[in-house]
Structure formats: structure tokens, C-alpha cells
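J.: Each chain, written out:
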Amino acid sequence: MSTESMPGNEDVEAAEAAVSWELGELAESVEAGPVPYDRLLAGGRRRLRRRRLLTGAAVAGLVVAVGGAGTLLGGPGTVFGGYGRGAGGASVAAVPPAAVSPGAAGAGAPGAPGAVGPGASGVSGAGSSVVTPTVTPTASVSPVASAVPSRAVRDPFTPVRVKVGEGTAKGHALEAWVALWPAAPTAEDSLRQSRLIGEERLAADPRLPPPPRQDVGPAWDPATDRADVYLVVDGKRQPGDYVDPVPAPGGVEPTGTDAVIGGVMLNRVVGTAGSPDMVVVPVRPEVARVVVGWKTGGSVEAVPVAVGDSTVRWYAVVRRPGSADNTVVSYAADGSVLRTQTTWW
Amino acid sequence: MGAHETARDEEFRAFTGSAWSRLLRTAYLLAGDRHGAEDLVQQALERAYVHWNKVRAADDPNAYVRRILINEHARRFRRRPAEYLVEAFPDRPAPAGPDPDDRAVLLTALAALPPRQREAVVLRYWEDLSESQTAAAMNCSVGTVKSQAARGLAKLRESSSLNGLTSIGGSSR
Numbered sequence: 238m239s240t241e242s243m244p245g246n247e248d249v250e251a252a253e254a255a256v257s258w259e260l261g262e263l264a265e266s267v268e269a270g271p272v273p274y275d276r277l278l279a280g281g282r283r284r285l286r287r288r289r290l291l292t293g294a295a296v297a298g299l300v301v302a303v304g305g306a307g308t309l310l311g312g313p314g315t316v317f318g319g320y321g322r323g324a325g326g327a328s329v330a331a332v333p334p335a336a337v338s339p340g341a342a343g344a345g346a347p348g349a350p351g352a353v354g355p356g357a358s359g360v361s362g363a364g365s366s367v368v369t370p371t372v373t374p375t376a377s378v379s380p381v382a383s384a385v386p387s388r389a390v391r392d393p394f395t396p397v398r399v400k401v402g403e404g405t406a407k408g409h410a411l412e413a414w415v416a417l418w419p420a421a422p423t424a425e426d427s428l429r430q431s432r433l434i435g436e437e438r439l440a441a442d443p444r445l446p447p448p449p450r451q452d453v454g455p456a457w458d459p460a461t462d463r464a465d466v467y468l469v470v471d472g473k474r475q476p477g478d479y480v481d482p483v484p485a486p487g488g489v490e491p492t493g494t495d496a497v498i499g500g501v502m503l504n505r506v507v508g509t510a511g512s513p514d515m516v517v518v519p520v521r522p523e524v525a526r527v528v529v530g531w532k533t534g535g536s537v538e539a540v541p542v543a544v545g546d547s548t549v550r551w552y553a554v555v556r557r558p559g560s561a562d563n564t565v566v567s568y569a570a571d572g573s574v575l576r577t578q579t580t581w582w
Numbered sequence: 111m112g113a114h115e116t117a118r119d120e121e122f123r124a125f126t127g128s129a130w131s132r133l134l135r136t137a138y139l140l141a142g143d144r145h146g147a148e149d150l151v152q153q154a155l156e157r158a159y160v161h162w163n164k165v166r167a168a169d170d171p172n173a174y175v176r177r178i179l180i181n182e183h184a185r186r187f188r189r190r191p192a193e194y195l196v197e198a199f200p201d202r203p204a205p206a207g208p209d210p211d212d213r214a215v216l217l218t219a220l221a222a223l224p225p226r227q228r229e230a231v232v233l234r235y236w237e238d239l240s241e242s243q244t245a246a247a248m249n250c251s252v253g254t255v256k257s258q259a260a261r262g263l264a265k266l267r268e269s270s271s272l273n274g275l276t277s278i279g280g281s282s283r
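Chains F and X, in that order, give the protein sequences. Numbering follows my numbering, in which position 250 of the first sequence is assigned residue number 487; successive positions increment by one, without gaps. Numbering follows my numbering, in which position 85 of the second sequence is assigned residue number 195; successive positions increment by one, without gaps.
Keep in mind that the hints were calculated from the coordinates and are not lab data. Misleading hints may appear alongside valid ones.
As the list claims (entries may be wrong) - In silico SDA-like links for lysine to any residue, alpha-carbon gap of 25 Å or less: (1) K473(F) <-> L223(X); (2) K473(F) <-> K532(F); (3) K265(X) <-> Y568(F); (4) K532(F) <-> Y568(F); (5) K164(X) <-> T116(X); (6) K256(X) <-> E250(F); (7) K164(X) <-> L285(F).
As the list claims (entries may be wrong) - A few chain F residues that don't get close to chain X, going by computed Cβ distances all over 12 Å: (8) G530; (9) Y568; (10) A570.
Quantities reported herein were computed from a predicted structural model and do not represent experimental measurements. Built from N, CA and C at the ideal position, the CB exists for glycine as well.
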């Protein structure tokens, strides 16, 4: 193809045909595999429940607000100008699903230095890598199922960093980390938070675009924390992290039969897209331990780790190469089985 | 689970079974890797499940879900900076000379396109949609589709890694 001269229609048509053909080749190279019906249905149902819950909460909040306003306006000693502007200081407001403490802004790094030892990791089966959850010295983090610390420590500009698992792959020391950025109470704070996250990511991967300057985007949600899941290999943070929303404490979370939050965070260094080196999975707090049974034999046990005051727990395992369709059993603290899943990884 | 939910599940299963592979391949071209594609399709289908009544009532349910997929893709790029997923540990030396894998070349060139251009290129030249169909899927005007697709195509042509692309197409077809 020559790009020296202005392309004519024939050139454009040829280019269109070539791109069309190449895209077809590329797309057809993807083996669709079996449809994960159960995963899709579970996810759809979870979203549906959440939508209904949110709708119900909004209606209930409206009813409370209207009812309260009616009481204030109609009752004895009526206070005019409700909804927070009453001269007497009376105010009526519907409480949002998740109240985020604005006072957390600028509160600095949460907690005093302290390291938490391994929760209760275990390994069995040949070749399994040890998975040991630990916590950064700068983060005040309690072990699994810890008590929720004070809301005052929630600072949207200071993430809580926790190593949720580690192991080795082909001689490389792998560590899976989660940096939890507490929900930003305002759009401006969200933008500032996005810049800070972007700066960290840019430092790890200079090819990334610079952090946002103006556009906050529609993702800002005061009821949602952001979890940046990244891989550290041989002491160096790697490109290819994942930043995903997780419910902030008090936010709407999956309920019912979906005892485990779906989805996995995948990181790879020497692996490939379909065969990652490390798998990082968010789970609900009632999951006390997880046993991954490898299809090829053996198993590895992981203990979900708390990150700050988030209700989401995380575990990580080093994937066993060549073993797919593995079994993951989630156990509650009393030893009862919460869920058994078959993984695609 | 009520009868209504059961019927929804059954219809959803049937639809998913027929649409899965196509959606996954489109998502693969948009996301650039298998995991990202599966994630994208899953998110789109979960949303379709929530709005199933609208999906089943649509003239073309496939087009409706495809639009959800495109919206989800666009939302991700608004939500966070682009990610560059790598197939190998970056401390490996880069291969000398042109990459022998044309698919990787094209995937890299696609990934370098801005999201809207990528969507336009994929919908026009892989999904083989008309400009108006693409506009509907991208929720934009036909003019925008024309410009985005043209720019995307031009960038693909300009890509040095795709120097052989047109010659392949031009000579063989």
C-alpha cells in the first residue's frame, strides 16, 4: 500500500476490502467455545435484583422524604423550607444507599504502619504455588473478615494497598495487589482521584495516555469504590492492570444465591490472554476460604483478604498451566460450602 | 423462581446460544484480547437480560444487543484510560523485523485506533453493517460514521505494520 499519494476510490475500495477480509480472518480465529449460560444468567439475575433494589430504595426514600416533609409542613410548629433550608435548622433528606463521609477527603494515609501476617494459606498438590496474603506497611488493614474501621479513615486520594496473593511462575516472583480507592464524595474529587490513579498507571506503563484533566465520565458513583488490581513481578509493577468498581461499604451488593461476587481479575506476565499467570477474584465477605481443585490434580487453598473497610474480599492464585475447567469451592467460616464453581481459567 | 422468570431465562438462553459466537468475535476485535472480549460480551448480555422485555420486543434483537455491546465498549473507555494488554512479559526482546503473525499486526493496529474509530471500522468492515445501521449501533449520525470509519481506515493504512495489508487485498481480490 502506498501512502505517498492521495488514494483514489479504487484504493479506498481495495483498502476496505482488505481490512474487511483481514478482520474476518482475525475474528474467525477466535474459538467461541461453550456458552457460559450459568455465568450469564447469574450475572443477569444479579443485575436485575440490584436494579429492583435500587428502584425500591429510591421509592422508599422518596416516600420517607415526602412523608417527612409533609409532617414538617403540616404538623404543629410547622417548619417552612424543609430539605435542609429551614431557619430552625430542621432538615429532611432521604438517606442515599451509601453515605460516604466527605470528611475523609484529605485525611491522609489511613492508620498506622503495621503488617499482617498470612491469614491461613495452604497448599497441596505438586507444583502449586504458595498464596500468602499480606498487607503493605502503609495500610492499616485487618485480616479476613475484620471489623469495619472508622469511616473517618476513608480518603479517596489515599488508596489502601494489600497484597492478596503471591507465587512464582517460570522463575518470576508474582504478587497480586489490590489498591482500593475509596469512593469519591464529589465529581471533583472523583476527577482528582482519577488523575492519581492515572499517574500510578502511567508510571507503570508509559504507553498509557496521560491522566484525565477534565472529563470525569459517567462512572463517578459516590456509592462505589475503585479497585485497581495489578501485578508486581520481581518487585516491579506491571502494565495491564484492571480498575473496576466495587460496592462501597453500605452500597448495594449482590444478595441471595449469588454468595460470591462474580468475575475474576486476570494478570499475566509470561502467560497469554486466555492463559493468565495469576487469577485474582473478588468474593463476598462470608467466604472464609477457597479451595481450587486443579483439573490436572492437586489443589491450592486461598484465604480471601480484606482490603481496608471494603466488604469485598479478594483472593489470588497462581494458575496452573494446562489446567482449565478447574473447580473452586467457597467455604463459609463454619466450614459449610457456599458455592462450587467450574472455572474457565 | 416464577414462571415469568423461567420464561425469561429460557428465551435468554436461546438467544445467547445463537448470538454468542458472533458477539464474542465482534468484542474480540473491539477489546483486543480474549479475556476482554468475554468480559465485554458478558457485561452486554447481562444488561440485555435486565432489559429482556425490550430486547425481545425489538425488531432485531441482535442489533439491540449489539448496540448494548458498543455502548458498553464506549463506556469502558470513558471510564478508564486505555489498557495495553500484552501477550508476553515486556522484558523479552522485541522480535526483529516484521511480525510474522498478521493477526497480531492487525490487532495491534486496531488497538491503536481511538475507540469510536475502532467501533466504526469493526461494525462497517467486520459486521458488514451499512452506514445507517452502524450509526444506529453507535448512537451517532451517519456523517459521524463516515468520518470515523474513514479516519480509522486511513490510520490502518498508514500503519507501517500494515504495509502489506492492501497489497494482499488488492492483489488477491
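J.: All hints, please: hold or fail.
T.: Against the structure, the hints come out as follows:
This hinted pair does not check out: K473(F) and L223(X) have alpha carbons roughly 29 Å apart, beyond 25 Å. For the proposed pair K473(F) and K532(F), the alpha carbon gap of about 31 Å is over 25 Å, so the pair is violated. Proposed proximity of K265(X) and Y568(F) is contradicted: the alpha carbons are some 52 Å apart, above 25 Å. Proposed proximity of K532(F) and Y568(F) is supported: the alpha carbons are some 19 Å apart, at most 25 Å.
Taking the CA atoms of K164(X) and T116(X), the gap is about 17 Å. The hint holds against a cut of 25 Å. At roughly 14 Å between alpha-carbon atoms, K256(X) and E250(F) fall within 25 Å of each other, so this suggested pair holds. With a CA separation close to 14 Å, the supplied pair K164(X) and L285(F) stays within the 25 Å bound. The Cβ of G530(F) sits about 22 Å from the closest Cβ of chain X, beyond the 12 Å cut-off, so the non-interface label holds.
Every CB of chain X is more than 12 Å from the CB of Y568(F) (nearest about 26 Å), matching its label as outside the interface. Non-interface call for A570(F) relative to chain X: holds, since the shortest CB-CB distance, roughly 29 Å, exceeds 12 Å.
Checked against the numbered hints above, the structure violates hints 1, 2, 3; every other hint is satisfied.
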